[in-house]
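Chemist: Sequence:
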Amino acid sequence: MMKWKSDRGLEARMMLTMILLAVLYLAFLAVLLSMNTSSTVIILFMGGFMFLQYFYSDKMILMSMGAKIVSESEEPELHQIVSRLCAIAGLPMPRIAIVNTSMPNAFATGRNQKNAVVAVTTGIMQQLNRSELEAVLAHELTHVKNRDMMVITIATFLSSIAQIMVRFLPFFGGGGSRDRDSGGSFVLMFLVSLVVWIVSFILIRALSRYREFAADRGSAIMTGQPSNLASALMKISGAKVPTQDLRKVEGPVSALFIVPAISGSSIMNLFSTHPTLVARIEALKNIERELEA
Numbered sequence: 029m030m031k032w033k034s035d036r037g038l039e040a041r042m043m044l045t046m047i048l049l050a051v052l053y054l055a056f057l058a059v060l061l062s063m064n065t066s067s068t069v070i071i072l073f074m075g076g077f078m079f080l081q082y083f084y085s086d087k088m089i090l091m092s093m094g095a096k097i098v099s100e101s102e103e104p105e106l107h108q109i110v111s112r113l114c115a116i117a118g119l120p121m122p123r124i125a126i127v128n129t130s131m132p133n134a135f136a137t138g139r140n141q142k143n144a145v146v147a148v149t150t151g152i153m154q155q156l157n158r159s160e161l162e163a164v165l166a167h168e169l170t171h172v173k174n175r176d177m178m179v180i181t182i183a184t185f186l187s188s189i190a191q192i193m194v195r196f197l198p199f200f201g202g203g204g205s206r207d208r209d210s211g212g213s214f215v216l217m218f219l220v221s222l223v224v225w226i227v228s229f230i231l232i233r234a235l236s237r238y239r240e241f242a243a244d245r246g247s248a249i250m251t252g253q254p255s256n257l258a259s260a261l262m263k264i265s266g267a268k269v270p271t272q273d274l275r276k277v278e279g280p281v282s283a284l285f286i287v288p289a290i291s292g293s294s295i296m297n298l299f300s301t302h303p304t305l306v307a308r309i310e311a312l313k314n315i316e317r318e319l320e321a
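According to the numbering used here, the sequence shown is numbered sequentially starting from 29.
Everything labelled a hint here was simulated from the structure, so no lab data went into it.
Because the structure is a prediction, the values reported are computed rather than measured.
Don't take each hint at face value.
[To be verified] Within a straight-line C-alpha distance of at most 35 Å, the following computed DSBU-like cross-link-like pairs (lysine-lysine) qualify: (1) 142 <-> 313; (2) 263 <-> 96; (3) 87 <-> 263; (4) 142 <-> 87.
[Claimed, not checked] Here are the computed distance ranges between Cβ atoms for each label pair: (5) 102 <-> 55: 43 to 53 Å; (6) 175 <-> 304: 21 to 31 Å; (7) 120 <-> 305: 30 to 40 Å; (8) 47 <-> 88: 23 to 33 Å; (9) 216 <-> 157: 54 to 64 Å; (10) 252 <-> 222: 45 to 55 Å; (11) 318 <-> 75: 37 to 47 Å; (12) 157 <-> 48: 35 to 45 Å.
By construction, the Cβ of each residue, glycine as well, lies at the ideal position given by its N, Cα and C atoms.
Construct all of the structure, not just a fragment, from the sequences and the given hints.
Modeler: In structure tokens:
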């Protein structure tokens, strides 16, 4: 089995994306301060929002998905697979959860490696064989090892603030009692918030795609069998998913899954949280060639 190693190229692209996001967010803060917005209000609001997102997002995600934490006595095979993979990756044992849905998928959440949760659906457990399920779990554990939840939380918190401002500024500004300068400042703040929201949305989607490639590579390294993950991805992507299940996972939670819950050829890759299946399979083939060499 090949020794675990990082993908420096993917790490460099993720770092560049984070730097671009940081520059964008600093510019956003500068504009807010130039509009005479109270720095105390900005810090308290953004700090509180980030605190809640960082410490409680995993609980909200598990609750929204109806995920149930299972013990080793309840799911011995799952615990055995995850325990072995954690030993390979040098990770503490995460909690394991099951989502009762026919949709075949999996995700990882938690603010750090010690508070991680790896969840699988009953659908994926029924559809994949043991080797394929192991590859999927290795993919999710790579997200944990790479601290992707923390990275995405940091990357998205100010984007979320910008989105909130775009939605609610029209209700709090632009009134007749405001003078012309105040009205102009309001319009400028709204436009800046809109631009920050759109640009950060695209950058975060790019960051999400990079982390999926990195997690695929981590799975291939951990299991030594990239073809198992490729097989699992093809099975999951080709599954017939009931419409009711799809409605339950639309929105931000979809980005956590190993494959997106909602997909379609009409959606531009630029706005996708995941790379295309073709790109992921091709990358896994290249890793397989590396392993064979």
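Chemist: Are the hints correct? Go through all of them and say.
Modeler: So, going through the hints one by one against the coordinates:
no., hint, in the structure
1, 142 <-> 313, "holds, 32 Å"
2, 263 <-> 96, "holds, 24 Å"
3, 87 <-> 263, "holds, 29 Å"
4, 142 <-> 87, "holds, 15 Å"
5, 102 <-> 55: 43 to 53 Å, "holds, 50 Å"
6, 175 <-> 304: 21 to 31 Å, "holds, 25 Å"
7, 120 <-> 305: 30 to 40 Å, "holds, 32 Å"
8, 47 <-> 88: 23 to 33 Å, "holds, 29 Å"
9, 216 <-> 157: 54 to 64 Å, "holds, 57 Å"
10, 252 <-> 222: 45 to 55 Å, "holds, 47 Å"
11, 318 <-> 75: 37 to 47 Å, "holds, 44 Å"
12, 157 <-> 48: 35 to 45 Å, "holds, 41 Å"
Consistency with the previously given hints is maintained throughout, with no hint failing.
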